[in-house]
Amino acid sequence: MGSRANRNCWTCKERKVGCDRALPFCLNCTRSKRPCKGYGLKLAWPDKIDGRRKQKRYQAAPETSPQSYVTENGNFAFLNTTIGDVEGRRANVQELVARGENGAHIGPSIAPRVLDMYGIGEGEGSLLSYYDAVVARMVTTIDDNTNGFRLQLIPIALSSSEASSKSLLQATLALSSFHLGRPEAALRHKVNAIRALTESFREASASRVAQFAACMMLCVYSVFDASDTTWSLHLQGAKTITQAFTDGELELPCLEFLEPWLAYHDTFAAYTHHADLPSSRQQQHHIVLPESSPANQKIIGLLGCSTELLRLISCINQLHTFTTSLHCSDESLGCSALDISIPIRERLMNLRQEIQIHPGETAGAISQKRIALTAEFYRLAAVLYLYQVCPSEAIPPSSIEDYVSKGLAVLDQMEVCTSPWPLFILACNVKGDRGRIRVMRVIDEGARDRRIGNYHIIKGLVQAVWKQQDLAADEKIERKIDWRDLIEPGSYMPSFI
284 MGSRANRNCW TCKERKVGCD RALPFCLNCT RSKRPCKGYG LKLAWPDKID
334 GRRKQKRYQA APETSPQSYV TENGNFAFLN TTIGDVEGRR ANVQELVARG
384 ENGAHIGPSI APRVLDMYGI GEGEGSLLSY YDAVVARMVT TIDDNTNGFR
434 LQLIPIALSS SEASSKSLLQ ATLALSSFHL GRPEAALRHK VNAIRALTES
484 FREASASRVA QFAACMMLCV YSVFDASDTT WSLHLQGAKT ITQAFTDGEL
534 ELPCLEFLEP WLAYHDTFAA YTHHADLPSS RQQQHHIVLP ESSPANQKII
584 GLLGCSTELL RLISCINQLH TFTTSLHCSD ESLGCSALDI SIPIRERLMN
634 LRQEIQIHPG ETAGAISQKR IALTAEFYRL AAVLYLYQVC PSEAIPPSSI
684 EDYVSKGLAV LDQMEVCTSP WPLFILACNV KGDRGRIRVM RVIDEGARDR
734 RIGNYHIIKG LVQAVWKQQD LAADEKIERK IDWRDLIEPG SYMPSFI
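Residue 284 is where the sequence shown starts when you use my numbering, and the numbers rise one by one after that.
Hints are supplied without guarantee of correctness; some may be wrong.
Under the rule of at most 25 Å between Cα atoms (straight-line distance), these lysine-lysine pairs were calculated in the DSS-like manner [said to hold, decoys possible]:
id: 1; residue 1: Lys689; residue 2: Lys652
id: 2; residue 1: Lys714; residue 2: Lys750
id: 3; residue 1: Lys299; residue 2: Lys316
id: 4; residue 1: Lys763; residue 2: Lys714
id: 5; residue 1: Lys299; residue 2: Lys325
id: 6; residue 1: Lys750; residue 2: Lys763
id: 7; residue 1: Lys320; residue 2: Lys296
id: 8; residue 1: Lys689; residue 2: Lys750
id: 9; residue 1: Lys763; residue 2: Lys652
id: 10; residue 1: Lys316; residue 2: Lys296
id: 11; residue 1: Lys689; residue 2: Lys763
id: 12; residue 1: Lys320; residue 2: Lys299
id: 13; residue 1: Lys750; residue 2: Lys581
Calculated from the structure, these hints are not laboratory results.
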């Protein structure tokens with residue numbers, strides 16, 4: 284006997300007759316030559332006035348009348364929920380990009396012209412000049428004498444004619460080309476970078492530091508270009524190269540910039556792929572809180588926050604892996620998670636982040652307000668992230684709402700939000716249309732002004748989270764929405780740098 288539907292078809296329901304529930308169409312409808320309306324979901328409208336039943340009275344609540352609707356620039360903002368959202372269908376990154384772009388266009392910019400330099404042509408020199416003048420200053424909150432994106436990477440790229448240095452140079456040119464709105468040139472330089480990097484691995488004398496920097500620059504390029512899904516591959520390559528560093532290479536001055544650069548990417552890669560972290564019943568014993576020292580409290584421009592805060596976020600990543608591996612019946616492990624969460628919470632509550640500026644002849648405009656706001660935004664997001672993964676006993680009453688309000692207040696003081704990760708964390712915790720519209724405006728402004736592709740991915744992902752939150756709004760027990768559950772298994776995972 285064939286499979287049957289679990290409800291009557293809509294045609295038989297309307298006729299008020301029995302239904303044989305045959306699939307795909309009801310046999311009663313087939314025999315009577317009536318169109319079968321199927322068994323799927325159907326919108327319910329007020330009953331027609333047929334005199335056979337008491338009519339319900341529908342009245343608009345005053346608080347939801349049109350004059351109180353939230354608008355953006357005089358226009359209504361809609362979060363369109365589809366049948367795919369209702370059914371819990373998972374998305375892939377291409378769909379998220381399409382949702383997030385929403386008509387956005389990254390137009391070409393004009394690169395400054397420079398003369399032939401270091402043996403490279405005028406076209407490449409122009410791209411390198413654009414990187415130095417725009418891109419390298421944009422990706423840090425402190426453009427002073429410690430800005431390694433300018434003062435370390437460019438010298439390494441121009442230091443020799445070896446394949447490893449050429450690879451870094453070509454990856455840098457690819458990044459500039461893409462940011463200028465020249466995707467074909469960007470692709471050509473990226474291919475050249477990968478080809479030179481591959482060639483360098485066959486050279487015994489190749490600079491491992493240059494190879495590492497090239498991998499990291501390709502990782503950054505992949506974040507800028509939303510169609511490039513290889514950021515984690517390049518990051519893993521960079522980590523592998525560091526394992527081959529000699530003692531002499533580990534003492535090079537450029538490592539003072541390169542090591543935090545890797546730590547930043549690695550920490551937020553672990554946020555994306557938390558299941559890849561080591562996990563066991565003794566995982567909690569390996570979560571070691573960082574030392575609170577003046578050196579760790581210093582805000583690092585490429586991080587946007589202090590080293591101490593970045594390491595605390597790494598501890599929360601480990602806690603997330605630990606808590607997701609717990610069995611509900613194992614109370615001792617639950618207590619251990621609580622014992623770890625409370626010290627992390629206290630450290631975040633009392634965290635100090637200090638601004639130190641190292642002026643130089645080529646330093647750009649430095650805003651201490653922007654530096655402080657960005658670092659504080661990371662701290663607030665870290666607390667909200669902790670509350671997403673820790674036991675509920677570690678969350679003080681009304682604390683989430685308070686930190687969301689503080690985060691929105693920080694956003695209101697920023698000209699442009701340059702930090703996707705804390706913005707995403709805040710967005711996932713915002714309740715209400717007003718907060719959502721404010722966050723979405725900031726994401727759109729960031730995508731327009733910074734021209735980085737992962738903003739579009741993050742926008743699509745935020746909207747997917749909000750839809751699931753809305754669909755679960757009437758559930759008696761509040762359900763936590765993990766954005767990772769909304770991505771197709773085995774699909775590309777986004778970067779939040």
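Q: Return the numbers of the hints above that this structure violates; sort them in rising order.
A: 9 and 13
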